[in-house]
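Student: First to last, the sequence lines map onto chains A and B. If you read the first sequence in numbering that gives the first Met the number 0, its first letter stands for residue 0, the second for the next number, and so on. If you read the second sequence in numbering that gives the first Met the number 0, its first letter stands for residue 0, the second for the next number, and so on.
I should point out that these hints are in silico values taken from the structure, not numbers from a laboratory. Heads up, some of the hints might be wrong.
[Stated by the list, open to error] Computed footprint of chain B on chain A; a stretch qualifies when at least three of its residues, placed anywhere within it, have a C-beta under 8 Å from a C-beta of chain B:
id: 1; stretch: 143-153
id: 2; stretch: 258-271
id: 3; stretch: 297-308
[What the hints assert, rightly or not] Computed spacing ranges between beta-carbons, pair by pair:
id: 4; chain 1: B; residue 1: 88; chain 2: A; residue 2: 35; range: 16 to 26 Å
id: 5; chain 1: A; residue 1: 75; chain 2: B; residue 2: 221; range: 25 to 35 Å
id: 6; chain 1: A; residue 1: 67; chain 2: B; residue 2: 190; range: 30 to 40 Å
id: 7; chain 1: B; residue 1: 132; chain 2: A; residue 2: 229; range: 57 to 67 Å
id: 8; chain 1: A; residue 1: 75; chain 2: B; residue 2: 49; range: 53 to 63 Å
id: 9; chain 1: A; residue 1: 230; chain 2: B; residue 2: 188; range: 47 to 57 Å
id: 10; chain 1: A; residue 1: 237; chain 2: B; residue 2: 53; range: 47 to 57 Å
id: 11; chain 1: A; residue 1: 90; chain 2: B; residue 2: 60; range: 48 to 58 Å
[Stated by the list, open to error] Rough simulated footprint, nothing fancy, chain A against chain B, three-plus residues with beta-carbon under 8 Å:
id: 12; stretch: 63-77
id: 13; stretch: 148-156
For every residue, glycine included, the Cβ atom is placed at its ideal position computed from N, Cα and C.
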Amino acid sequence: MNPPTASTSATVRAVRRAGARGRLGWGRRARKPQDSYYPTWFAGGALALYLLLVLLPGLLGIGLAFTNWTAYTTKLHWTGVANFHALFAPHSFFVIAMENTLLFTVATVVLKTVIALGLAVLLTSGLKRLASLYRAIIFLPNLLPYVAVGIVFKSLLDPTTGLVNSTLRTLALGGLARNWLGDIHLALWSVIGVDTWKGVGYIMVIMIAGLLGIPRELYESASCDGASGWQSFRYITLPMLKPVFAVTTVINLVYALRVFDIVYVLTSGGPGYATATVYTTIFSQVGLGQYGVATAFSSLFLIVMLALSFVVIRVLHRPELQS
Amino acid sequence: MSAVRAIRAIPTTINYLIASGAGIIALAPIYIVVVNSLKTAHAAVGLSPSLPLHPHWGNFSAVNAQAGLARAFFNSFVYALGATAIAVLLSGLAAYVLARRRTRRHLVIYFLLIMGIAIPTNYVTLTKVMQDAHLIDTQIGIILVYASQMIPFNVFLIYAFVDSVPRDLDEAAFIDGASPLVAFGKVILPLLRPVLLTCAVLDVLNVWSDFINPLYFLSNSSEWPMTLSVFNFYGTGASEEISNWALVSADVLMTILPVIVIYIIAQRWILSGLITGSVKG
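Turn these sequences into a full structure, and let the hints guide you.
Tutor: Here's what the structure looks like:
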């Protein structure tokens, strides 16, 4: 789908011509239809699992979103857009969940991008040795299970016994001690902080790969022309990293919009609805047996992500990123 | 002269200080888990970073008795290997055929599959499908769910790689009279090994860390993986008394240890896989 450059398409044509001549010359390969070489049923297993367990629930969910489906329903009937009305009712906690998810997404995208960029620049041009060791260590939290991370941070952030507050008190900064996960105004930001701690290494690793892909000569000629360090960062590094930013933003978005684990373990969406996200709300609605509303919410979310996925495919298939 | 050199050295020193600070912040929680997993219940309150006076190895057998650590560890192991084997094999077969044949129909199937990278699971209706298929609360059920969720990304990674394998190789096998399956198994599969290994490592880590699927689909505690088991053990411990933090740390350590070991062994595969997956089309 990427338009090939003039020279490659010329090569491809030449190769094809040679191949065609070869086939005509020996007359062996062309006769067998492609399907007996590469049978489509090879894709059948993957497709079957995917259709049954990913696509079917998605489509079924859209249909059932217009019904009165609950844990106690004996007979399903259509209720039109009633479930969607419930989602957007005044003071609806679904709206709160969407707002929280959006704030979480924007904040983690910005924080991870900025911190990861800083660390990536530091490790690629600020250090002479040990850069790959630092990279490996800073990436490690990204692989740890969210549950493990959540449990540990929940203890560290405990208002009375937690290490964070007791360290602040030891440093005579007790005034900064907070009820990190219990304060309505602070809880979501604490979750954002923990999530950034965990996820920043992944983004950093991608940015390091991007930085190493920028040709050295650009910087050399810039410094010959008397450009300062800041100027080469501003006018070479940032523009050259644009496609990398697109990729990391997509990765951050796709993760953040469906965040569940870290929120569920740290706060279960509380206090109140202060940290409730789309996925934690769906989970609690299922627990209450409110399947119709839950699947309406899930389907709405699916449509949003589907629109986003076309952007994802576009971004991931950028020709200039192929190395 | 030496004073000038010392001044010049300052920025580099500061860079190393910042990088070390970031490294310490990244490792601190892991360090805290390790030291507290070896403390007595009393010493572990508040998860202080101090070293244990005497390593308390009995915590691990205690957590095995109280939280069924060995059972959960084994379950995680089975889910990770089972789902990975299915996902990698099916994705390899699919990506191979879809990459070799570029008709409109095959492209549609490919895009349908990789759409799954971004679209979210509807857990409400997936639960219903699982019930109707008698897969809920079963180990094979959760393995199939994991496989289905990893297929899109695996197909995406392998598809790009298949392009780098010359067609002449499979055509040579066909001329020798190999069937499609034999040609795939004997010729293509060995050549795809790097990308299949990358997929396998990422899949294993993915399943090992997952929490939401067992939360929805496994109600029977004997089938819980480590993540759900440690969460429930921590939940009961925290509500009854805080003095269980040494045992919680031991349980958490056993949840993260395999990940760290795999990372140390397969670091190159993991990083290259994630970078290629994100940067290459």
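Student: Run every hint past the structure and note whether it holds.
Tutor: These are the hints, each one checked on the structure:
no.: 1; hint: 143-153; verdict: holds (count 9)
no.: 2; hint: 258-271; verdict: holds (count 4)
no.: 3; hint: 297-308; verdict: holds (count 8)
no.: 4; hint: B:88 x A:35: 16 to 26 Å; verdict: holds, 22 Å
no.: 5; hint: A:75 x B:221: 25 to 35 Å; verdict: holds, 34 Å
no.: 6; hint: A:67 x B:190: 30 to 40 Å; verdict: violated, 54 Å
no.: 7; hint: B:132 x A:229: 57 to 67 Å; verdict: holds, 60 Å
no.: 8; hint: A:75 x B:49: 53 to 63 Å; verdict: holds, 60 Å
no.: 9; hint: A:230 x B:188: 47 to 57 Å; verdict: holds, 51 Å
no.: 10; hint: A:237 x B:53: 47 to 57 Å; verdict: holds, 54 Å
no.: 11; hint: A:90 x B:60: 48 to 58 Å; verdict: holds, 52 Å
no.: 12; hint: 63-77; verdict: violated (count 0)
no.: 13; hint: 148-156; verdict: holds (count 5)
Violated hints, listed in ascending order, are 6 and 12; each of the other numbered hints is respected by the structure.
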